[in-house]
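> Sequence:
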Amino acid sequence: MEGSPVDRSWCLSHQMDTVMGLEPISAVAPELLLWQQGALSAFYAPWDWVNTSARVMLVGITPGLHQATEALAEARRCLANGLPPEDALRRADAVGSFSGPLRTNLVTMLDGIGLAAALGIESTAQLFDELHHLAGHVSAIDYPVFVHGRNYGGASPPLVGHPVLASLVRACLGARVAMALDALVVPLGKAAEAAVNFLARQGLLDRRRCLLGVPHPSGANGHRIRLYAERRADLARAVLMWSA
Numbered sequence: 001m002e003g004s005p006v007d008r009s010w011c012l013s014h015q016m017d018t019v020m021g022l023e024p025i026s027a028v029a030p031e032l033l034l035w036q037q038g039a040l041s042a043f044y045a046p047w048d049w050v051n052t053s054a055r056v057m058l059v060g061i062t063p064g065l066h067q068a069t070e071a072l073a074e075a076r077r078c079l080a081n082g083l084p085p086e087d088a089l090r091r092a093d094a095v096g097s098f099s100g101p102l103r104t105n106l107v108t109m110l111d112g113i114g115l116a117a118a119l120g121i122e123s124t125a126q127l128f129d130e131l132h133h134l135a136g137h138v139s140a141i142d143y144p145v146f147v148h149g150r151n152y153g154g155a156s157p158p159l160v161g162h163p164v165l166a167s168l169v170r171a172c173l174g175a176r177v178a179m180a181l182d183a184l185v186v187p188l189g190k191a192a193e194a195a196v197n198f199l200a201r202q203g204l205l206d207r208r209r210c211l212l213g214v215p216h217p218s219g220a221n222g223h224r225i226r227l228y229a230e231r232r233a234d235l236a237r238a239v240l241m242w243s244a
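Residue 1 is where the sequence shown starts when you use our numbering, and the numbers rise one by one after that.
By construction, these hints were calculated from the structure, which means they are not laboratory data. Each residue gets a CB set at the ideal place from its N, CA and C atoms; glycine is no exception. Any given hint could turn out to be false.
[Said to hold, decoys possible] Estimated spans, in silico, between C-beta atoms of each pair:
| # | residue 1 | residue 2 | range |
| --- | --- | --- | --- |
| 1 | A117 | I225 | 14 to 24 Å |
| 2 | G82 | R232 | 41 to 51 Å |
| 3 | N81 | Q36 | 25 to 35 Å |
| 4 | G222 | L33 | 24 to 34 Å |
| 5 | G222 | M20 | 37 to 47 Å |
| 6 | G38 | W242 | 19 to 29 Å |
| 7 | N81 | S13 | 37 to 47 Å |
| 8 | S9 | N197 | 29 to 39 Å |
| 9 | W242 | R77 | 31 to 41 Å |
| 10 | N81 | E230 | 27 to 37 Å |
| 11 | G82 | W242 | 19 to 29 Å |
Just need the whole structure built from these sequences, with the hints factored in.
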C-alpha cells in the first residue's frame, strides 16, 4: 500500500527459514526486524492468517513481546512437526493472541456483556480454543512494534498521528476488516478504538458493525474495572442490538 513499508517479505512464506532457525526464540531477534525509524521498530511475528468467516473480530494495538514469543514458538513447533504453513499460522494465532492474564480479563469482560450468549456459545474463552474459527484475533498493526525496545502502547507517538504507523493500520487492520465483512469489530482500549475510528473516517469500515467502549484488558490498565462497570450496561445493549 502507498506510504506503507509492508511488502511481500512480511509473511511466513518468506520468513519460514528465519523462524525455524531462531535459537533461542526471541521476538526481537535482529533477523526478524522488518522496519525501524528512530526509536520505533517493527518485527515479524506469525499473524498472517485472516479468518474471513469470523463472527467477531477482537482488535488489540499490536502484539506484545509475550504474545509474539508465544506465536513464534507455536509456529516453529507446528512447522517442525510437518504441518503446512497455513495450519501453523492458525495455531500460532490461537495460542499467541491475547495470551496470558490479559486473556482472562478479556473473557470476563466479554462474557459479562453477553457476547458469548449472542454467539450461542458457553464462554468467549472458547474463541481461543475449540471455537477459534468464530473469531478473528487481530491488531491495529499485525506486527509487534516497540519504542526504545519496549512494547508500544499506542499513545507515544499517537497510533494514527504517525504517518508510517497510520499507513500500517490501513494496510493491516484495513485489509482484515474488509476480508471479514460479517464480523462484529471490537476494539480493545483507546488506541485500538482510535484505529477503528480512523478506518471509519477513511470510508474503510462501517461504524455500525463496531462495538466501541470496551476497555483494554491489560492488568496495567488501572481504569479498566471502573470503565467496564460504567459502560457494561451500554455495551450489553449494543451486543443485543447486533445479535437481534
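> Each hint: holds or not?
Hints, one by one, checked against the model:
1. For A117 and I225, the hinted distance range of 14 to 24 Å is satisfied, since their beta carbons lie about 22 Å from each other.
2. Between G82 and R232 the C-beta distance comes to about 46 Å, which sits within the given range of 41 to 51 Å.
3. At roughly 33 Å, the beta carbons of N81 and Q36 sit within the given window of 25 to 35 Å.
4. In this structure the supplied range 24 to 34 Å holds for G222 paired with L33, their Cβ-Cβ distance being about 32 Å.
5. In this structure the supplied range 37 to 47 Å holds for G222 paired with M20, their Cβ-Cβ distance being about 40 Å.
6. Roughly 41 Å separates the CB atoms of G38 and W242, a value that falls outside the hinted 19 to 29 Å.
7. Between N81 and S13 the C-beta distance comes to about 18 Å, which lies outside the given range of 37 to 47 Å.
8. For the pair S9 and N197, the beta carbons lie near 30 Å from each other, so the given range of 29 to 39 Å is met.
9. For the hinted restraint 31 to 41 Å between W242 and R77, the CB-CB distance of approximately 36 Å keeps it satisfied.
10. Our hint of 27 to 37 Å for N81 and E230 is violated, since their Cβ atoms are close to 46 Å apart.
11. Look at G82 against W242: about 40 Å separates their beta carbons, and that is not inside 19 to 29 Å.
Comparing the model with each earlier hint shows violations of hints 6, 7, 10 and 11; every other hint is respected.
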